[in-house]
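Q: Note that the protein sequences, when read in sequence, are chains L and Z. What the first sequence shows, in numbering that gives the first Met the number 0, is residues 0 to 550, in sequence order. What the second sequence shows, in numbering that gives the first Met the number 0, is residues 0 to 180, in sequence order.
Heads up, some of the hints might be wrong.
Unchecked claim - Computed footprint of chain Z on chain L; a stretch qualifies when at least three of its residues, placed anywhere within it, have a C-beta under 8 Å from a C-beta of chain Z:
hint, region
1, 337-350
2, 451-458
Stated by the list, open to error - List time: in silico DMTMM-like cross-link candidates among lysine to aspartate or glutamate, alpha-carbon distance up to 25 Å:
hint, chain 1, residue 1, chain 2, residue 2
3, L, Lys-296, L, Asp-253
4, L, Lys-114, L, Glu-75
5, L, Lys-505, L, Asp-166
6, L, Lys-505, Z, Glu-115
7, L, Lys-215, L, Asp-525
8, L, Lys-505, Z, Asp-66
9, L, Lys-505, Z, Glu-60
10, L, Lys-211, L, Asp-253
11, L, Lys-477, L, Asp-508
12, L, Lys-505, Z, Asp-137
13, L, Lys-477, L, Asp-494
14, L, Lys-263, L, Asp-494
Calculated directly from the structure, the hints in this document are not laboratory data. Virtual Cβ for every residue (Gly too), placed ideally from N, Cα, C.
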Amino acid sequence: MTGDNAFAELIHEYVGECLPLAEQAADGFLDVERRWNGGLQVDDVAPRLKGLVHTVKGNSAMMGQSAAAEVAHAIEDLFATLLSDASQREPATLDLLLDGANLLIELVRNAASGKTDSARVASWAGAVRALLAGQSAPAAMATGTSSRRAAAEGAIDTVRVDFRRLDALQEIVGEAIIAQSRLRDIQRRMVAHLGFTEETAELDASINAVEKTTQKLEDAVMATRLVPLSGVFGRFARLVRDAAQSTGKQVRLDTVGGDTRLDKAIVDRLGEPLVHLITNAVVHGVEREDVRRSRGKSVEAVIRLSAASVSDGVILTISDDGGGLDADRIAERARALGLEVNSSATDAIYPLIFVPGLSTVEAVSSLAGRGVGLDVVASSLHAMGGSITVESAPGRGTRFILRVPVTLAVVRTLLFEVSDERYAIPLAHVVETVRVEDGDIHEINHRGVVLWRGELLPVVDGAALVGAGAVGGDAARKYTVVVHAGTRRRGVLVDRLLGHRSVVAKGLDPALGRTRLVSGTTIMGDGRVTCILDAQRLVDPLPAHAATALS
Amino acid sequence: MPRKRTDQPAPVATRASLLEFADAVSVTDAPEPAPVAPPLHLVTFVLDREEFGIPIGRVREVLRVGDITRVPEAPLHIRGVTSVRGRILPVVELRTRLGLPGLGEPGMRARIIVVEAHGRVLGLLVDAVNQVVNVPADAVLAPPGEVLSAQTDYVTGIGRLDSRLIILLDLDRALLLAEAA
């Protein structure tokens, strides 16, 4: 088991390292082909290309990836021949070179699964051998056409697209959604003014059709942007090894769920927070060997990184089997920073580690103590519409749980109004909306509750929550929006429900400070900006001001 | 590398031209008169009862005030966000930032001045934008020490223009402090 894990780790690392190299090589060969076709020199790029292929060859051989090593070797030979002999630079031969580069990418990418298209490798290698052996032109032509056919078949499966093009496409879909919500807005106003007529019904039907199409388009574009997390996971094996070495610990990294797919923009943004959390786990989470021994733990510590898809996104966990969080020390540090610590419950104390300036570490190490703390990790997760929580068992370990959306751009939301201000909540966090009548809201210990499906649901005044002036007072709150996040549920009292809307979420400008309640903004059909509320924050224990405002 | 005067090809050496040349040399050798600094091109605007000025080079555009959406938990000096051609622009309530009473409902003359500071684009909500003026550099007075405090070091000087006094604002300082606040 351990051996398998170690091997899987190494393979992850190999893929993480070699895939970009192979891809760069393929891009480089494309460039070489263009230049040769244009009668240009390639001297400035050739050495780097050779180096890339050579590195992939070496790593592949080391990892026992013989097919990849063999292909890389043949690419080297072929490229060398083409460099030295300009007369060989025929389209068929250049195709063969590019085909080889693409084959190498496939082999590296599939290294973890062990799936090798050996027939394709053999036919390609045979074509190269034949060519290098200086066989007659017709034979070379024949292999050339067959390899070109193979390339054409391969092209059906994969097309390399600059990610910026997908970003641009996403932008356009976003604009279409905004334009469409403007249409919907106009149609509603028409109904409000004219009542239902044949024309408004027709308009309604055609907007419905547009909405459906846009939805499909959005889903399709989103699907093209999804990449597996394994690319990021692959980087961590070395990170853990280096961090463990420099701290004199033995640490193993287990990864699960590397095939979980997320928008590339999110995967890219996850790298930094994960590096931070994993380094922390090695440097501060797990104990030194002697301590582990004295506690009767195995000398080798285990850090587990896992990812799994859930309905509204992906959950990542980073857990270690170290000493756990020290609640007393955290409380002490929090008080030293002037924070109020009223409860001794660990549920209330552990989250304090995300407060800026609070670190439980005595020594600043070169690895983890880079002046950024867990507060930065938390805010970068909030910035992408995600959240982070922590669990810990003294002596047994610590677990960080990260929730991230699958995609950044388009969020389905519920729109509502409170105190004449408009807000959106991600629909994934809305359980349902309930009309509240007078006398439905009860007060227990200065906290509002409503009876909801047989349970007592804590409620909070939406106006107090967002700090809006009380327009219309409590009587104006006509609806409860039941919000859930993590394991908590809470009702938010609002004045008006404005329906569901797909919105294009834009990040928060840093000038707006640490607004944890708001995870993003969006421009609505009428051109006004609406804040998207962070569901996690809505269900978090109430800040003092909101609680007193209700009482 | 500054070219030496002796490198200049001497013109045809008539007596007159030599004299001219000698004159020119002796003039440049004399202590240089204080350089006349270029006038300041300022966009001036009103906050409360005072007129302020910022260099025109810092102003990207001036917008009419549309809907500004308040952002919960944002710092006090942030009025909110507004949309400009599909982009979201944070709007700074410059009055609050400078210790003046906040602007209630923006009036007809209120504007948003779009500036760039610290690598970001921000909108400044002001009561009104007056005009672009040129203030001669020698008409700028140092701010009197007694009105300065740690909070007002964003005032770089007071420009005098006829009977008007224009408070020259250091945008970077004003907005940097705004972020720290």
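Q: So, for every hint listed, does it hold in this structure?
A: We went through each hint and held it up to the structure:
Given as covered by chain Z, the region 337-350 of chain L fails the check, having 0 residues with a CB less than 8 Å from a CB of that chain where 3 are the minimum. With 0 residues bearing a CB less than 8 Å from a CB of chain Z, the region 451-458 of chain L misses the requirement of three and the coverage assertion fails. A threshold of 25 Å between alpha carbons decides the hint, and for Lys-296 (chain L) with Asp-253 (chain L) the separation of about 17 Å falls inside it, so the pair holds. Restraint check for Lys-114 (chain L) and Glu-75 (chain L): satisfied, since their Cα atoms lie roughly 23 Å apart, inside the 25 Å limit.
Distance restraint check for Lys-505 (chain L) and Asp-166 (chain L): the Cα-Cα separation of roughly 13 Å lies within the 25 Å cut-off, and the hinted pair is therefore satisfied. Note on Lys-505 (chain L) and Glu-115 (chain Z): the hinted pairing holds, with a Cα-Cα distance of about 20 Å set against a maximum of 25 Å. For the given pair, Lys-215 (chain L) sits about 24 Å from Asp-525 (chain L) by alpha-carbon distance, which is consistent with the 25 Å threshold. About 17 Å separates the Cα atoms of Lys-505 (chain L) and Asp-66 (chain Z), which keeps this hinted pair within 25 Å; it holds.
The straight-line distance between the Cα atoms of Lys-505 (chain L) and Glu-60 (chain Z) is roughly 22 Å, inside the 25 Å bound, and the hint therefore holds. Using a Cα cut-off of 25 Å, the hinted pair Lys-211 (chain L) and Asp-253 (chain L) is violated, with the two alpha carbons roughly 42 Å apart. With a C-alpha separation of about 32 Å, the suggested pair Lys-477 (chain L) and Asp-508 (chain L) falls outside the 25 Å cut-off, and the hint is violated. For the hint linking Lys-505 (chain L) to Asp-137 (chain Z), the alpha-carbon distance of about 46 Å lies beyond 25 Å, and the restraint is violated.
Among the hinted pairs, Lys-477 (chain L) with Asp-494 (chain L) is consistent with the structure: their alpha-carbon atoms are about 5 Å apart, no more than 25 Å. This hinted pair does not check out: Lys-263 (chain L) and Asp-494 (chain L) have alpha carbons roughly 38 Å apart, beyond 25 Å.
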